[in-house]
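Q: Read off the chains here:
2 protein chains.
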Amino acid sequence: MIVPKIVFIVFDGLGDRPIKELNNLTPLEAAIKPNLDAFSKMGINGLLHTVKRGIRPGSDTAHLSILGADPEVYYRGRGPFEAAGVGIDLELGDVALRGNVATLDKNGLITDRRAGRIADASEFAKLIDGLTIEGVKIIARAGVGHRMAIVLRGVNLSDEVTDADPHMTNEKILLSKPKNDSAEAKLTASIINIISQKAQELFPTLGNPSANCLLLRGAGKLTEFPNFEKTYGLASCCIAGGALYKGIAKILGFTILNVEGATGKGDTNIDNKIKAVTENLDKYDFFFVHLKGTDSFSEDGKPLLKKEYIERADKAFSPLLPLLKEGRIIISVTGDHTTSSELMAHTTDEVPLLVAGPGVRVDKVETFGERPAQSGGLGHMEGRHLIKYLVDLLGKSPLYGN
Amino acid sequence: MIVPKIVFIVFDGLGDRPIKELNNLTPLEAAIKPNLDAFSKMGINGLLHTVKRGIRPGSDTAHLSILGADPEVYYRGRGPFEAAGVGIDLELGDVALRGNVATLDKNGLITDRRAGRIADASEFAKLIDGLTIEGVKIIARAGVGHRMAIVLRGVNLSDEVTDADPHMTNEKILLSKPKNDSAEAKLTASIINIISQKAQELFPTLGNPSANCLLLRGAGKLTEFPNFEKTYGLASCCIAGGALYKGIAKILGFTILNVEGATGKGDTNIDNKIKAVTENLDKYDFFFVHLKGTDSFSEDGKPLLKKEYIERADKAFSPLLPLLKEGRIIISVTGDHTTSSELMAHTTDEVPLLVAGPGVRVDKVETFGERPAQSGGLGHMEGRHLIKYLVDLLGKSPLYGN
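The listed protein sequences derive, respectively, from chains A and B.
So our numbering is basically just the index in the first sequence, starting at one, shifted up by 3.
So our numbering is basically just the index in the second sequence, starting at one, shifted up by 3.
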């Protein structure tokens, strides 16, 4: 008997609300997507509340949840995932933050939170990287565009500190403050404030007047996470562009497969991502494939581009259909949350889910979409149950009782 | 962009079971209700477990739940809601009870729990109001008909006491007993028993021999409740007749709109209630409209009158349909529980739910009812999730994670 491999495809922000220009269909419903529809028809469908019903999830908490690591237990801020995602080898106890290279005007007000969308923050990261502040080592590494990750490595650090980033333009950079009275939180906040200040002194030396400060946010301390491979006994890999997703996967113990052209944006090379699945099919048991474009286009209020991105992805999925038909893979497609293209924000609405492959109780749903999934056989499911269901299809879930 | 207002209509005891005389339809299913059916068709539908699956809710716990205040956390007895509903300004620490003016025979047995349904208990309440017993101030105010609310105001009071009302005829009035050994519970029970006794001494002086005692029940201490307006950032009002519903809304921080002809009974003026919505549409963001008749008729075993009440309400809803079509309101209609007209009692059966308006993923359900809702896109939902969903349609729910 062939033991099928699990291909778990997550479209970021896949779900949407009815869109007038799409005849009151969602971008997914309106998309021409013969492969996704075939998966849906060959499978069982449902609606996923990725964290819990009524919770509006961030991408970080949602991914933890659908990858089986309960965010209420493990989530301590986004920083560590971003840092791991840009290639920093984190150690337990590290406090990690996200940073934007940004623009301050003469009055100390932020005028652009992305420094004119600079292409690469590597030179800026180098100015911070390697500093030692109050005995704490600072590690900085550039992410995509204007982004970087900063890690504080030392003893007695805390993530109970507020952001220095005000998250808005026309505001001053804030002083990070301890959220409690501990010496650890006070020390950490003071280090963050010193980094803020150093960046304002050092960044202008690079000669770009609109890249003159650093906005620090999302402090999180790295604590112990469950290891995905060990928990489920599955050799697991992650195929993603965005640092956050690679970081989450890395921290959960996935092998990161780096793919040419995986940008973590709408222009990512989806064909190469799927090729990374098919070419490594013998090497891994579980493939977590992340596609960011759907979220990016909804955050920009572009439902038609979201629809086209889904259509492009669908074409790229063609090599998966014969594998599914041959029983060599179990395929599951879903999103991490709904992003309303109208509100340009995450919402609590469920995301559609399909699971196809050997062992699945195929239902009557014929196409993949928010509304078709309403009558799916899986009903309404919480994110934390999904991995358990997928693993159980392989007969690998633990027995409760006897 | 218009920001729609939320109109949340709760029919008390809306759900029912199949009724033989109605061709095995429920009163709601059998009703001719073009407006409700239009809302249903334009919206998404589902089944609501107002507290939790398997829980048979009282009207008080169910309303707390669907208005977002978890009864397991906040519910301490019905008394405070009734007291707030008849206009007593409660203070934290007050213990409130409900009371019926009733009839005792010569042997001290209760022969009528409603004193021949007297029209007004105001004169009776005045006999109790203003007493001071063991240093505790007594406040009494009449409700509808034979009902009144009694508040004990002082330090060291407890709601851990049993009812003096035996809840049945042909029984004697009980002695309220402390449920634990605390001095507070003992004091409170003793005050309740003194009030019982005073009522038997004083009520006969009013000259109605069949209104000669007071049945006290539902002791509850007022604790801190979440403020609905502040939690969701919505200016909120309540349009209801019954004291309980006004009281719950008042304690949760709603503005109470008093409407002419809102009796809290089957003869209430529903047109005036809807007029209070349409005339105040610019003033509030959230309208909680309560209709009691459905419950009253089921409690009396009158499913046909329940059906007719729904039809009458449906006619009154006509002004809402154009507002819905214009995208000016989000409308949600549901019940607080099922009341079986055959059992003449609340049951655990789900209540149908519809939500229509901008942003809703319209499903295929075409009429409003218990059975049609079984295939609705919302599936089975718990009451506590409903407000979160409604608020999220406006993009107002908090983000968990990043």
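A hint or two may mislead.
Intra- or inter-copy, both count: the list cannot distinguish identical chains.
Mimicking SDA-like on lysine to any residue, the simulated pairs with C-alpha atoms at most 25 Å apart in a straight line are [as the list claims (entries may be wrong)]:
#, residue 1, residue 2
1, K367, R120
2, K182, L95
3, K55, H383
4, K182, D274
5, K391, G111
6, K268, E204
7, K55, S213
8, K367, G236
9, K233, T165
10, K233, I22
11, K175, P207
12, K55, S378
13, K201, E174
14, K140, N261
15, K399, A348
16, K367, D274
17, K328, D270
18, K129, K318
19, K109, D92
Please keep in mind that the hints were generated in silico from the structure rather than gathered at the bench.
Q: Look at each hint and say if it fits the structure.
A: Each hint tested on the structure:
{"no.": "1", "hint": "K367 x R120", "in the structure": "neither (47 Å within a copy, 45 Å between copies)"}
{"no.": "2", "hint": "K182 x L95", "in the structure": "within (21 Å within a copy, 30 Å between copies)"}
{"no.": "3", "hint": "K55 x H383", "in the structure": "both (10 Å within a copy, 14 Å between copies)"}
{"no.": "4", "hint": "K182 x D274", "in the structure": "neither (46 Å within a copy, 52 Å between copies)"}
{"no.": "5", "hint": "K391 x G111", "in the structure": "neither (51 Å within a copy, 39 Å between copies)"}
{"no.": "6", "hint": "K268 x E204", "in the structure": "neither (32 Å within a copy, 72 Å between copies)"}
{"no.": "7", "hint": "K55 x S213", "in the structure": "neither (41 Å within a copy, 55 Å between copies)"}
{"no.": "8", "hint": "K367 x G236", "in the structure": "neither (32 Å within a copy, 42 Å between copies)"}
{"no.": "9", "hint": "K233 x T165", "in the structure": "between (35 Å within a copy, 23 Å between copies)"}
{"no.": "10", "hint": "K233 x I22", "in the structure": "neither (43 Å within a copy, 31 Å between copies)"}
{"no.": "11", "hint": "K175 x P207", "in the structure": "within (18 Å within a copy, 74 Å between copies)"}
{"no.": "12", "hint": "K55 x S378", "in the structure": "both (20 Å within a copy, 21 Å between copies)"}
{"no.": "13", "hint": "K201 x E174", "in the structure": "within (19 Å within a copy, 66 Å between copies)"}
{"no.": "14", "hint": "K140 x N261", "in the structure": "neither (28 Å within a copy, 65 Å between copies)"}
{"no.": "15", "hint": "K399 x A348", "in the structure": "between (37 Å within a copy, 10 Å between copies)"}
{"no.": "16", "hint": "K367 x D274", "in the structure": "neither (30 Å within a copy, 36 Å between copies)"}
{"no.": "17", "hint": "K328 x D270", "in the structure": "neither (29 Å within a copy, 39 Å between copies)"}
{"no.": "18", "hint": "K129 x K318", "in the structure": "neither (40 Å within a copy, 71 Å between copies)"}
{"no.": "19", "hint": "K109 x D92", "in the structure": "neither (37 Å within a copy, 55 Å between copies)"}
Consistency with the previously given hints fails for numbers 1, 4, 5, 6, 7, 8, 10, 14, 16, 17, 18 and 19, ordered from lowest to highest.
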